[in-house]
Amino acid sequence: MDVTHALAAGMGGIRTAGDLVARMQMSRGMRLTEAKEYVAAKLGCSIVDLSDSYAMEQIRGEKGLGRILDHSNLHPGEPNAMMAKFRIAELLGISINSVERFRELSGL
Amino acid sequence: MELRIPTRMGDGFMVAMTRSELRADIEDATAEAARKAKAPPLTAGEQEHLLDIYASPAAFTAVDIGDQVVLSCDGGGSKMTGTDLQDLLESEQRLGQDILELWHIEYSYKAIKTILPFQQQVMQNVQMMLTAPVQYGAQPNLAFYSRPDGPVDNWFELLPRGDIPGARAAIEEAMDLATKDFVYVGEGMLDAGADGMDFDTTGGAGDGDFLSALRAVKHLREKYPDAGIEVGMAGEFTIGVHGELEWEGRRLAGLWPKGQLEVCQDAGVTLFGPAVNINTGKSCCWNTAYSLTVIKPCMDVARIPVHPNVGQGVCGVPVNGYPAEDAVSRAAKAHVEILRCDGL
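One line per chain: the protein sequences are S and X, in this order. Following numbering that gives the first Met the number 0, the numbering of the first sequence begins with 0 at its first residue and continues without gaps. Following numbering that gives the first Met the number 0, the numbering of the second sequence begins with 0 at its first residue and continues without gaps.
These are computed hints drawn from the structure, not numbers from a lab. There may be inaccurate statements among the hints.
Stated by the list, open to error - Listed next, the stretches of chain S that the computed footprint assigns to chain X, with coverage defined by at least 3 CB atoms under 8 Å from CB atoms of chain X:
(1) 21-33
(2) 58-69
(3) 94-106
Ideal Cβ placement from N, Cα and C applies to all residues, glycine included.
Please work from the sequences and hints to get the whole structure.
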């Protein structure tokens with residue numbers, strides 16, 4: 000069922016900008032249209048680009064926002080996971096809880 | 000002779016219906032939902048759109064390009080892929096989920112309280128390895144606070160005996176214990192780095208279940224202003240097991256999704272998940288029409304994202320452990336395109 004929903008209606012998570020739009024819904028309570036417009040403006044792309052895995056793979060790579068990793072698509076030396084979340088927080092102008100926890104616990 | 004189209008009943012069983020029969024189901028469902036929820040029926044255009052979605056023999060359907068929505072995947076993953084960390088990585092990297100959820104198979108706040116440090120450690124590790132937001136989820140399950148599972152008198156035994164004051168007192172005692180647990184777990188998981196909390200299947204034990212969760216939401220919102228807080232409902236109608244409980248002057252018993260949403264957003268919720276239970280004796284087409292009619296009034300008053308629950312047995316998805324793709328994709332497309340909801 001998870002796969003069905005992902006293919007039928009899902010934005011695509013980190014394959015696209017689904018996680019970024021989701022963060023605006025979660026942290027600011029933005030409705031979908033407002034959240035998509037906000038993220039598109041921050042990324043400098045169109046609304047349709049946000050759920051286009053081709054476009055977002057390029058944009059995420061350029062901005063260091065973390066990308067899907069597999070044997071044919073590896074990016075050593077590029078930010079992912081926690082490293083990417085530092086950049087996402089800065090790009091979107093939001094506080095990400097785990098980033099703040101990391102900063103605090105690592106003494107940064 | 001009119002063409003018969005393969006479609007499904009609410010329990011997932013495949014049947015064949017004509018376009019006229021599907022149309023009749025939609026008209027019947029939206030009229031019944033409108034009468035019960037005191038909501039307007041679907042417009043003629045919406046009914047025609049829904050009919051086009053269901054009167055198709057396609058094995059799969061999807062929303063238009065660019066219309067995709069955020070998926071908050073409550074209880075996502077399989078729990079069969081090694082560790083929770085591996086399961087969540089797979090959900091992020093392979094399934095492309097937008098909001099992931101760490102959860103334990105004992106999916107109640109009361110139970111999670113006893114293993115909180117273990118879940119906190121998993122959350123801390125998960126947050127190091129994932130890019131997408133990860134919330135923590137469990138159910139309020141107020142009934143677990145009553146005997147024989149909990150310390151409080153069992154109101155479901157007291158009510159049939161006519162001891163309404165005793166039952167209400169028991170519910171109120173259970174609510175105090177439950178809210179403390181929700182806050183304890185919520186603070187613990189947010190302190191461990193969670194992006195948000197999910198109160199899943201809220202209201203399953205009635206208005207007391209709902210109120211105990213709302214109290215916890217308010218507390219967590221005040222302490223963690225940036226945290227995501229999702230409340231997903233158990234059903235389309237809040238059952239008044241207590242009957243007199245209120246949220247800031249508004250009676251909870253008898254609330255339909257629009258009212259549920261209003262109290263949730265006032266309490267500080269950032270994602271609201273309405274749930275409309277399946278009628279297994281009706282077609283999925285009937286059930287989706289019913290669900291859309293009941294939820295639609297939410298969309299006009301929502302200040303926060305609305306993510307209809309399209310899991311097993313709610314909002315047009317068959318009540319089946321392994322719901323068929325044709326039925327699931329139709330329910331998803333219908334809710335996104337007709338409600339213009341913010342996610343699923």
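Hint by hint, here is what the structure shows:
Only residues whose C-beta sits within less than 8 Å of a C-beta in chain X count toward coverage, and the segment 21-33 of chain S has 10 of them, enough to reach three; the restraint holds. For the segment 58-69 of chain S, the assignment as covered by chain X holds, since 5 residues bring a beta-carbon within under 8 Å of that chain's beta-carbons and 3 suffice. For the segment 94-106 of chain S, the stated coverage by chain X holds: 6 residues have a C-beta nearer than 8 Å to a C-beta of that chain, and at least 3 were required.
Of the numbered hints given earlier, the model fails none.
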